[in-house]
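Each chain, written out:
Protein chains: 2
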Amino acid sequence: MANAVIRFRVDIGAELGIGPGKIALLEQIGESGSLSQAARALGMSYRRAWQLLASLNACLQEPVTHAQKGGQHGGGSSLTPFGRQLIRAYRAFDAETQRRGARAFRAVGAKVRRTRRARGAVAAASGLPLSER
Amino acid sequence: MANAVIRFRVDIGAELGIGPGKIALLEQIGESGSLSQAARALGMSYRRAWQLLASLNACLQEPVTHAQKGGQHGGGSSLTPFGRQLIRAYRAFDAETQRRGARAFRAVGAKVRRTRRARGAVAAASGLPLSER
Chain H
1 MANAVIRFRV DIGAELGIGP GKIALLEQIG ESGSLSQAAR ALGMSYRRAW
51 QLLASLNACL QEPVTHAQKG GQHGGGSSLT PFGRQLIRAY RAFDAETQRR
101 GARAFRAVGA KVRRTRRARG AVAAASGLPL SER
Chain A
1 MANAVIRFRV DIGAELGIGP GKIALLEQIG ESGSLSQAAR ALGMSYRRAW
51 QLLASLNACL QEPVTHAQKG GQHGGGSSLT PFGRQLIRAY RAFDAETQRR
101 GARAFRAVGA KVRRTRRARG AVAAASGLPL SER
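From first to last, the protein sequence lines are chains H and A.
Take the first sequence: its letters are residues 1 to 133, numbered as in my numbering.
Take the second sequence: its letters are residues 1 to 133, numbered as in my numbering.
FYI, nobody ran anything at the bench for these hints, they're computed from the structure.
For each residue, glycine too, the CB sits at the ideal point set by N, CA and C.
Don't take each hint at face value.
Chain H stretches covered by chain A per the calculated footprint, using a threshold of three residues with CB under 8 Å from any CB of chain A [unchecked claim]:
1. 25 to 38
2. 41 to 48
3. 78 to 84
Computed list of chain A residues with no C-beta within reach of chain H, every gap over 12 Å [claimed, not checked]:
4. S32
5. Q37
6. R40
7. L79
8. T97
A partial selection of chain A residues facing chain H, derived with a Cβ cut-off under 10 Å [claimed, not checked]:
9. G17
10. E27
11. Y46
12. F105
13. A110
14. V112
15. R113
Please construct the entire structure, taking both the sequences and the accompanying hints into account.
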């Protein structure tokens, strides 16, 4: 018996994709008040964190963060009310999705094999990235 | 106003990942009665289709397909009742997840910018793969 975990991303329109990486970044900005500290806490380069945030703000009519005194490099960053709303919406949807997923795939999970044989067969069957399995 | 679309994969235990690719493959096997025809219909190599199916069957105590006369290369493949159950569970979960996702992210979708400026900014901000945005 193994529990299902749902990995997901929310695509809105043609440009905007919101997944666990962007949400974790926003949460860390909320906690630390700094984009560079948020990046460090997530083991992410500052450049990548900046890109994630820029693509989010570029897609939305209302920003999810504000840069403060000195700009994003020198000063701090903080969440806007809309940024906090986005985090809440994502986390509530995530929790509900995990609950429903565990229920929906319980019968499949009950038949999952957990033996060395299964692991060997999977390894043999795939040089596939997990996303394609 | 843009609608949210939820892209997801179901991970069960450490080995089993079930996403749209495997489900589409099972559905095509159900329709065509043949792994090679199913692969062709999805624009997938036979080798890749075989790998997807093998990793699925290796992880489960009960197979999702049966090979018929001549083996999977020569003969046909058909869904088992458990294979059909898996497809139904996935499709029902998918439909419910899309309904809930559209509702959960309506307020965010209402603020999505659809202008050339947004597209330009996103392109500039990212050499990022979509999954990391």
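Checked hints:
Here the region 25 to 38 of chain H counts 0 residues with a CB under 8 Å from a CB of chain A, which misses the bar of 3, and the coverage is violated. Given as covered by chain A, the region 41 to 48 of chain H fails the check, having 1 residues with a CB less than 8 Å from a CB of that chain where 3 are the minimum. A stretch counts as covered by a chain when three or more of its residues have a beta carbon under 8 Å from one of that chain; for the region 78 to 84 of chain H and chain A the count is 1, and the coverage is violated. At roughly 21 Å, the least C-beta separation between S32(A) and chain H is larger than 12 Å, which holds for a residue marked as non-interface.
Distance check for Q37(A) against chain H: the nearest CB is about 20 Å away, which clears 12 Å, and the non-interface claim stands. Remark: the non-interface label on R40(A) is consistent with the geometry, its nearest Cβ contact in chain H lying 18 Å away (cut-off 12 Å). With a least CB separation of 14 Å from chain H, L79(A) remains clear of the 12 Å interface cut-off, as annotated. For T97(A), the condition that its CB be more than 12 Å from all CB atoms of chain H is violated, with the nearest at approximately 6 Å.
Annotation: G17(A) was flagged as interfacial toward chain H, and the flag holds, the nearest CB pair being 5 Å apart, inside 10 Å. A least Cβ separation of about 16 Å between E27(A) and chain H goes past the 10 Å threshold, and the interface hint is therefore violated. For Y46(A), the shortest C-beta to C-beta distance to chain H is roughly 14 Å, which exceeds 10 Å, and the interface hint is violated. Interface restraint check for F105(A): the shortest CB-CB distance to chain H comes to about 6 Å, inside 10 Å, so the restraint holds.
The restraint placing A110(A) at the interface with chain H holds, with a minimum CB-CB distance near 9 Å, inside the 10 Å limit. Because the closest C-beta pair between V112(A) and chain H is about 5 Å apart, less than 10 Å, the hint holds. The closest approach between the C-beta of R113(A) and any C-beta of chain H is roughly 5 Å, which is under the 10 Å cut-off, so the hint is satisfied.
Hint compliance for this structure: hints 1, 2, 3, 8, 10 and 11 are broken, all remaining hints hold.
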